[in-house]
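The residues making up each chain are set out below.
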Amino acid sequence: MKFKFWGVRGSIATPGPNTIKYGGNTTCIEITTDDNDLIILDAGTGIHLIGQELLKQLPISAHIFITHTHWDHIQGLPFFSPIFIPGNDITLYGGLDPVTNEGIERALGVQLQYSYFPIREAELNANIHYNTIKPGESISIGNAKITPILLSHPVLNFGYRIDCDGQSIFFTGDYEPVFNIYDPNDNEYNEYQSFIDVKQAEIILAMKDVDALIIDSSYTSEEYIAKKGWGHGTYDSAINLASMANAKRLFFTHHEPTRTDIQLEHIHKNLVQNNPNINFEMTLAKEGIDILL
Amino acid sequence: MSDTLNEELIAFVEKMPAFPKSVQKVVQLTSDVNTSAKDIVQVIESDPVMTIKILKVINSAFYGLPQKITSIQRSVVHIGLNTIKNLALSIAAIGMLKSNNKADFNTQEFLLHSMTTASLCRILAERTGISKVESSDFFVAGLLHDFGKIVLAEFDPDNFKLALEKSSEQQIPLYITELEFLGTSHAQVGKLLAERWELDQALVTAIDHHHDADNDNLLQDCVFAANQISKKMQFGFAGNPIVEEFPDNIIARFELSLDELIISLGDLSTVKSEALSFINS
Numbered sequence: 001m002k003f004k005f006w007g008v009r010g011s012i013a014t015p016g017p018n019t020i021k022y023g024g025n026t027t028c029i030e031i032t033t034d035d036n037d038l039i040i041l042d043a044g045t046g047i048h049l050i051g052q053e054l055l056k057q058l059p060i061s062a063h064i065f066i067t068h069t070h071w072d073h074i075q076g077l078p079f080f081s082p083i084f085i086p087g088n089d090i091t092l093y094g095g096l097d098p099v100t101n102e103g104i105e106r107a108l109g110v111q112l113q114y115s116y117f118p119i120r121e122a123e124l125n126a127n128i129h130y131n132t133i134k135p136g137e138s139i140s141i142g143n144a145k146i147t148p149i150l151l152s153h154p155v156l157n158f159g160y161r162i163d164c165d166g167q168s169i170f171f172t173g174d175y176e177p178v179f180n181i182y183d184p185n186d187n188e189y190n191e192y193q194s195f196i197d198v199k200q201a202e203i204i205l206a207m208k209d210v211d212a213l214i215i216d217s218s219y220t221s222e223e224y225i226a227k228k229g230w231g232h233g234t235y236d237s238a239i240n241l242a243s244m245a246n247a248k249r250l251f252f253t254h255h256e257p258t259r260t261d262i263q264l265e266h267i268h269k270n271l272v273q274n275n276p277n278i279n280f281e282m283t284l285a286k287e288g289i290d291i292l293l
Numbered sequence: 001m002s003d004t005l006n007e008e009l010i011a012f013v014e015k016m017p018a019f020p021k022s023v024q025k026v027v028q029l030t031s032d033v034n035t036s037a038k039d040i041v042q043v044i045e046s047d048p049v050m051t052i053k054i055l056k057v058i059n060s061a062f063y064g065l066p067q068k069i070t071s072i073q074r075s076v077v078h079i080g081l082n083t084i085k086n087l088a089l090s091i092a093a094i095g096m097l098k099s100n101n102k103a104d105f106n107t108q109e110f111l112l113h114s115m116t117t118a119s120l121c122r123i124l125a126e127r128t129g130i131s132k133v134e135s136s137d138f139f140v141a142g143l144l145h146d147f148g149k150i151v152l153a154e155f156d157p158d159n160f161k162l163a164l165e166k167s168s169e170q171q172i173p174l175y176i177t178e179l180e181f182l183g184t185s186h187a188q189v190g191k192l193l194a195e196r197w198e199l200d201q202a203l204v205t206a207i208d209h210h211h212d213a214d215n216d217n218l219l220q221d222c223v224f225a226a227n228q229i230s231k232k233m234q235f236g237f238a239g240n241p242i243v244e245e246f247p248d249n250i251i252a253r254f255e256l257s258l259d260e261l262i263i264s265l266g267d268l269s270t271v272k273s274e275a276l277s278f279i280n281s
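Protein chains in written order, with this note's numbering: chain X, 1 to 293; chain A, 1 to 281.
One or more of the hints may lead you astray.
[Unchecked claim] Partial pick of chain A residues on the chain X-facing surface, computed with a CB cut under 7 Å:
#1 A37
#2 V57
#3 Y63
#4 Q73
#5 R74
#6 G80
#7 K132
#8 S168
#9 N280
[Claimed, not checked] Restricting the straight-line Cα-Cα distance to at most 25 Å, the calculated cross-link-like pairs of lysine-lysine (DSS-like) are:
#10 X:K227 / A:K38
#11 A:K56 / A:K15
#12 X:K134 / A:K68
#13 X:K199 / A:K38
#14 X:K199 / A:K132
#15 A:K56 / X:K134
#16 A:K68 / A:K38
#17 A:K98 / A:K132
#18 X:K199 / A:K232
#19 X:K4 / X:K208
#20 X:K4 / X:K56
#21 X:K248 / X:K145
#22 A:K68 / X:K199
#23 A:K38 / X:K228
#24 A:K15 / A:K98
Please keep in mind that the hints were generated in silico from the structure rather than gathered at the bench. Just so it is clear, the structure is predicted and the values come from calculations on it, not from any experiment. Where a beta carbon is used, it is the ideal one built from N, C-alpha and C, also for glycine.
Model the full structure from these sequences, guided by the hints.
Listed below in structure tokens is the structure:
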């Protein structure tokens, strides 16, 4: 199994001289199994580039797993060229929206409306399939097993664990570790904390022993103080998760949109210095490079 | 009730609004980006309609949770505060229960009874040694035990009114007169909905059996006792004038009779005042 980041940026695409090294597209990860099955995690602007590559090998079969339907994770879908070409098979996977009860078809349907886009969903020429999936229930694609787990974010968000050929990847999508909403003096504090601990244990189990752990690390711990509740994690919370899950390699992604390449590398250098005893490699997610497991 | 009527009732409840105060508060709290999470949780936990509808969503098969979720706090941990806020807002968008319904059922008094039973149920659970961590399940069971009444008052107000009147005039339990006029009882209706919505089986059973005390089950015993204490103390009123004395197994459970237990619990006025401060705020 190998994978490649096509989009590493959070919130909004940030092209320009300051992001040229790590990349400015919004979230998209391509996974290719040893049998050449194509799995794509999220469809931010990065998916446009995968689409261009795939035009060289039509017809294609792609399995796109959406962590959640915030724009930066779906906005590339209408620009994923294979959806317009007959003979391609494209399946979109994701969760049910608890508020509207809409399935994952909403990720395309909401964008392919006359007011926002010139082509309607009904006009797409590829075979588009929708598979609204449930947490804990694995999907098989060839030899790969993809398992969603509910992770905390301001909207329903799935983390995905991909197991294939004896290797494994976990991607959080957007994720802020759950914090206690009560003050330590409140009666409810301990009770709430116990619920958090149970959920945390479930998350660690889902990430256990993965070869590559890809985590939303938008903020430094200092920045986080002003961003608590926004739905994103920190470099330190990612390191903590990777340690507890015994991950082999940690990738920081969802780079904060104003973060320059130089700043990213500065942060990374500090993290390496400040965490001398960890037994996994820490890497800044960078667009366009094949990562072999 | 017939199967058709059951389906009608379930569809009716889907569109049933929540209580005015919580609807107002949800709209207010969700318009303020700085709202604290615990305020939202508290509002939802003070409204049986919002609570049961949110538990319905989180316990639906689509979230495939390994175990049933029985409290709003747990729901927030699993599905995130924003989603819970949006769910509450979508319930608020349905409208709000009218204070004057055709059944002449006083919804404010009903709410006070439900909220105080919830608090008392938790107090009783903790008294028997249940940890604070588990006691929120007891709170929810107390809050939802009479949920079927508000449903019947809205769904079939004419017959529910007759049941209320006969219960009051002849001093017989409301669930008996409900059976006479509606062919079902609030306990059965509550069970039907909780079961259909795949809520925790212990909660379904506690709602179903909150008038029978002959089960050796702590949750049911606490709901039964809390309900009688709330009625005896006249914390609100949910239409049933009969306070039932504790049968032997409930006395055995708490090692006290109803009156003795009330005395032993000490000053319960805060249970009422805390609920009232929400309703009247």
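Quickly compare the C-alpha distance for K68 (chain A) and K38 (chain A) to 25 Å and report which way the hint goes.
holds (22 Å)
Under the criterion that the straight-line Cα-Cα distance not exceed 25 Å, is the pair K56 (chain A), K134 (chain X) satisfied?
With Cα atoms ~16 Å apart, K56 (chain A) and K134 (chain X) stay inside 25 Å; holds.
Taken at face value, is the distance from the CA of K98 (chain A) to the CA of K15 (chain A) at most 25 Å?
Given pair K15 (chain A), K98 (chain A) holds - Cα atoms ~14 Å apart, limit 25 Å.
Quick check on the hint: S168 (chain A) CB to chain X CB, less than 7 Å?
violated (38 Å)
Pairwise hint evaluation, K132 (chain A) against K199 (chain X), where the allowed Cα distance is 25 Å at most
holds (18 Å)
Holds or violated: is there a CB of chain X closer than 7 Å to the CB of Q73 (chain A)?
Given a least distance of 6 Å, the restraint on Q73 (chain A) holds.
Satisfaction of the Y63 (chain A) interface hint, Cβ to chain X closer than 7 Å:
holds (6 Å)
With a cut-off of 7 Å on the beta carbons, see whether K132 (chain A) makes it to chain X.
At 5 Å from the nearest chain X Cβ, K132 (chain A) passes the 7 Å test, so the hint holds.
Would you check whether N280 (chain A) satisfies its interface hint, that is, whether its CB is within less than 7 Å of any CB in chain X?
For N280 (chain A), the interface hint is violated, since the closest Cβ of chain X sits about 22 Å away, which is over 7 Å.
Restraint status (C-alpha distance of K98 (chain A) to K132 (chain A) at most 25 Å):
Status violated; Cα separation ~35 Å.
Quick check on V57 (chain A) please, does its C-beta sit within 7 Å of some C-beta on chain X?
Hint on V57 (chain A): holds, closest Cβ of chain X at ~5 Å, below 7 Å.
Restraint check for K199 (chain X) with K38 (chain A), where alpha carbons must lie at most 25 Å apart
holds (18 Å)
When the structure is compared with the earlier hints, violations turn up for hints 8, 9, 17, 18 and for no others.
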